[in-house]
Amino acid sequence: MELNERKELAEILFPNIKHDRAYYEEKYPERNLKDGAMVTRFGPSPTGFVHMGSLFGSFCDSVFARQSGGVFYLRIEDTDQKRSVENGVEGIFKDLEAFDIKPDESSVVGGNYGPYIQSERTEIYQSYVKDLIVQGYAYPCFMSEEEINSIREEQELSKIKVGVYGSFAVDRDLSLEEIKERLAKKMEYVIRLKSPGDSKKEVEVVDCIKGKIKFPEHDIDTVLLKKDGTPTYHLAHVIDDHLMHTTHVIRGDEWVASLPLHVQLFQILGFKMPNYAHTAPITKKDDGGIRKLSKRKDAEAKVSYYEEVGIPIEAVKLYLATILNSNFEEWYLNNSDKSFEEFTFTFDKMAIGGTLFDLDKLNNISKTYFSRKSGEEVFNETLEYTKKFDLEYARLLEENKSDMIKFLNIEKDSSRPRKDISKYSDVKEEFSYAIDELFYKENYSKYTGDKKYSTTLIRDYVESVLDLDVSNEEWFNDIKKFSLDNGYAASPKEYKQDSSKYKGHVGDICEALRVMVTGRDKSPDLFSIVKILGKDRVLERINFYEEKYNK
RNA sequence: GGUCUGUUGGUGAAGUGGCUUAACACACCACCCUCUCAAGGUGGCAUUCACGGGUUCGAACCCCGUACAGACUACCA
39 MELNERKELA EILFPNIKHD RAYYEEKYPE RNLKDGAMVT RFGPSPTGFV HMGSLFGSFC
99 DSVFARQSGG VFYLRIEDTD QKRSVENGVE GIFKDLEAFD IKPDESSVVG GNYGPYIQSE
159 RTEIYQSYVK DLIVQGYAYP CFMSEEEINS IREEQELSKI KVGVYGSFAV DRDLSLEEIK
219 ERLAKKMEYV IRLKSPGDSK KEVEVVDCIK GKIKFPEHDI DTVLLKKDGT PTYHLAHVID
279 DHLMHTTHVI RGDEWVASLP LHVQLFQILG FKMPNYAHTA PITKKDDGGI RKLSKRKDAE
339 AKVSYYEEVG IPIEAVKLYL ATILNSNFEE WYLNNSDKSF EEFTFTFDKM AIGGTLFDLD
399 KLNNISKTYF SRKSGEEVFN ETLEYTKKFD LEYARLLEEN KSDMIKFLNI EKDSSRPRKD
459 ISKYSDVKEE FSYAIDELFY KENYSKYTGD KKYSTTLIRD YVESVLDLDV SNEEWFNDIK
519 KFSLDNGYAA SPKEYKQDSS KYKGHVGDIC EALRVMVTGR DKSPDLFSIV KILGKDRVLE
579 RINFYEEKYN K
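Mapping of the first sequence onto our numbering: residues 39 to 589, in sequence order.
If you are wondering where the hints come from, they were derived from the structure by calculation, not from laboratory data. On a predicted model such as this, the values are computed, not experimentally measured, just so you know. Backbone N, C-alpha and C define an ideal beta-carbon position, used for all residues, glycine too. Honestly, I wouldn't trust all of these hints.
[To be verified] Only pairs whose alpha carbons sit at most 30 Å apart, straight line, appear in this in silico DSSO-like list of lysine-lysine:
(1) K560 <-> K573
(2) K560 <-> K132
(3) K411 <-> K560
(4) K411 <-> K461
(5) K450 <-> K376
[As the list claims (entries may be wrong)] Label-pair restraints from in silico Cβ distances:
(6) N70 <-> E368: 34 to 40 Å
(7) E68 <-> Y271: 20 to 26 Å
(8) Y271 <-> G174: 19 to 25 Å
(9) D507 <-> N581: 39 to 45 Å
(10) L397 <-> R575: 35 to 41 Å
(11) S440 <-> S509: 46 to 52 Å
(12) Q305 <-> Y271: 30 to 36 Å
(13) I328 <-> E422: 25 to 31 Å
(14) D73 <-> V147: 23 to 29 Å
(15) T384 <-> D507: 54 to 60 Å
(16) E292 <-> D142: 23 to 29 Å
(17) K310 <-> D138: 29 to 35 Å
Assemble the whole structure, with the sequences as input and the hints as a guide.
This is how it looks when you write it as C-alpha cells:
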C-alpha cells in the first residue's frame with residue numbers, strides 16, 4: 039500500500055481523532071527532575087483489592103521514587119472491562135493507604151500527566167495507532183476467532199510457534215480496496231501490529247534486576263487495538279510510560295516474555311526506552327511443589343489478611359523490605375533504631391528467582407516489633423485492632439486500661455524485652471490473667487498440668503511474708519527464706535544435690551503461686567504481676583483456685 | 001512444543017576466579033543462665049554449592065550439555 043493510500047485508510051478508520059501525536063508530545067513534556075530521579079508507576083487492574091505481589095511491586099515503586107527524589111504515580115489499567123469490579127479502584131486505594139503507600143500522582147490526587155485511568159485515554163492510543171497505520175506499521179485484521187483458533191491448532195500440531203505472523207497473517211497485505219469492501223460489509227476487525235521483526239535476529243535487553251537477556255526478535259502481529267477500539271496492555275504500556283515519562287518500569291516477572299514486543303513498539307513509535315526491572319514472583323510451598331502465591335487459593339495473599347489476623351502493618355513492611363533487598367535484614371539488625379526508609383535500596387540486591395513467602399520470618403519480625411513498643415503503644419494499637427475485630431475485648435481493655443498498660447510493660451525496661459506477642463490477637467490470650475472478668479471466666483483453661491498445689495501454704499506466704507513494696511531481689515530472697523522455713527530448698531541446685539532432705543524447692547512454691555494467680559504455668563515476671571494485682575486480688579484468686587481444684 | 005529465567009542447609013539468602021575448612025537471619029536441637037516462660041549466651045545443623053563434562057595452577061563463581069522448577073506463549077493484565 040502506498041503512503042497516500044495508508045493516509046486514506048487512517049482517515050477511514052479514525053475519522054474522529056482530534057489531535058495528532060505532536061499535540062500529545064507537547065502536552066506532556068519531559069518532567070523537570072534532578073539527575074537520577076526515578077519516575078515509577080504502579081498499574082493495577084481495578085479488581086477491588088491488592089494482593090501480596092502487587093503490594094510488593096508498589097512498595098518497590100514508592101521506595102525507589104522516594105529515595106531518588108523522583109515521582110511515583112498510580113495508573114489504573116482498566117482496558118479490560120471484564121476484570122473491573124465495582125468500586126474496585128476504591129479498594130485499591132484503601133489497601134495501599136493502609137500500607138502507607140501514597141502515589142504522588144493518581145486519579146485521586148491528580149497530576150499533570152493524566153488522565154490516570156486508561157479507559158479515559160482511548161483517544162490518545164488511537165491517535166498513535168492512526169499514525170502507525172500511516173507509517174505502515176499497523177493494519178486492520180478481519181480474522182474471526184474461529185480462523186485464529188484453527189491456525190493455532192495447526193501450529194500446535196506441527197510444533198511451530200503459535201500466533202499470527204508471517205504467512206499466517208492473512209490480512210497483513212490487504213489492498214485498500216479489499217479493506218474498504220470488508221468495512222462496507224460491516225465486518226469486525228482489530229488493529230494489529232505489522233511487525234518488522236525477524237525471529238532469526240536477536241535483541242538484547244538489559245534488565246535492572248536480571249541483567250542482560252537475549253531474545254529472538256519479535257515477529258508476531260500482535261493486537262494493538264481490540265475490536266472495541268480499546269488498547270491491549272502492550273500498546274497502553276508503551277504509550278503511557280512514554281507520555282508519563284516513566285524512567286523505571288518495575289513490574290512482575292511474567293512480563294519479561296513480552297519484552298521483545300515492547301522494545302519493538304518503542305522503536306517503531308520512536309520513543310526512548312525506559313529502564314526495566316522485573317521482580318521475581320512471591321512463591322509458596324504447596325503439596326511439595328512451589329508455586330506463585332495465588333490470591334484465590336491463599337488467604338495470606340490478600341493484603342487485608344494481615345490486618346484481620348492482627349499483624350502490624352509496620353511488620354509487614356519490614357518483611358517486604360527484607361525480601362526487597364537481601365542486605366536489608368542485616369542492616370536493620372545493626373540499625374534497629376532507624377526507620378527502614380533510611381536504608382538505600384538497590385536493584386542489584388533484588389532476588390532473581392522466586393522468593394518463598396516465609397510466615398515464620400514475618401512472625402519473628404512482628405515479635406521484634408512488639409518487643410520494642412512501650413506498653414502504652416501496644417495497648418493503643420491493640421485497642422484499635424480489637425475495636426474492629428473483637429468488640430467485647432475492646433470494652434474490657436478500655437475498662438482496665440491502666441492495669442493493662444502496666445502488665446504490658448512488664449520486663450519492657452530491660453535490655454532484653456520479652457518477645458511473646460506476634461499479633462494483636464495474641465494479647466487476649468497471653469494476658470488472660472490481666473483482667474479479672476476474663477480470668478475468672480476462662481480461668482485455668484490455659485493450665486493443663488495435673489499437679490494440685492496446696493493453697494494453705496501459698497495463702498500463708500501471701501498473708502505473712504509477701505511485701506509489695508520491696509525490690510525484686512528482696513522479694514525473691516523472702517520467698518527463698520519462706521521455702522527453707524517450710525522444708526523446701528532455696529534453690530533447685532540445692533534440691534538436686536540432696537532431694538531427700540526437702541519436699542521440693544523455691545521453684546515449686548513459685549509455680550504454685552503462678553498457677554493460682556495467672557491460671558497458667560508460664561508467665562512473665564511473677565512479682566511484677568503480683569504487684570499490679572495487689573494482695574487482695576491475689577488472695578481472691580487463691581480462694582478461687584481452692585474452690586475449683588481442692589474441693 | 002517454543003521462548004526466556006532460575007537451581008547454594010529445613011527456610012530466606014551472602015557469594016561476581018584464590019581472603020570460603022560457604023556470611024548473616026529465621027526455624028530447629030543441645031547446653032548455660034534461671035522461680036516458669038520469653039529474652040540473652042554458647043554450640044550443633046550444606047565436608048559442599050542440582051548433575052555430568054570442559055577451561056584454569058586454582059571454580060559455588062567462566063563455558064557446554066543434561067535434569068528439575070518457574071514464567072510467558074489471548075481481542076487478560
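Now for the hints, and whether the structure bears them out:
no. : hint                      : verdict
1   : K560 <-> K573             : 20 Å, holds
2   : K560 <-> K132             : 40 Å, violated
3   : K411 <-> K560             : 22 Å, holds
4   : K411 <-> K461             : 13 Å, holds
5   : K450 <-> K376             : 19 Å, holds
6   : N70 <-> E368: 34 to 40 Å  : 37 Å, holds
7   : E68 <-> Y271: 20 to 26 Å  : 25 Å, holds
8   : Y271 <-> G174: 19 to 25 Å : 24 Å, holds
9   : D507 <-> N581: 39 to 45 Å : 24 Å, violated
10  : L397 <-> R575: 35 to 41 Å : 38 Å, holds
11  : S440 <-> S509: 46 to 52 Å : 22 Å, violated
12  : Q305 <-> Y271: 30 to 36 Å : 18 Å, violated
13  : I328 <-> E422: 25 to 31 Å : 36 Å, violated
14  : D73 <-> V147: 23 to 29 Å  : 26 Å, holds
15  : T384 <-> D507: 54 to 60 Å : 56 Å, holds
16  : E292 <-> D142: 23 to 29 Å : 26 Å, holds
17  : K310 <-> D138: 29 to 35 Å : 32 Å, holds
The structure does not agree with the numbered hints 2, 9, 11, 12, 13 stated previously, though it agrees with the rest.
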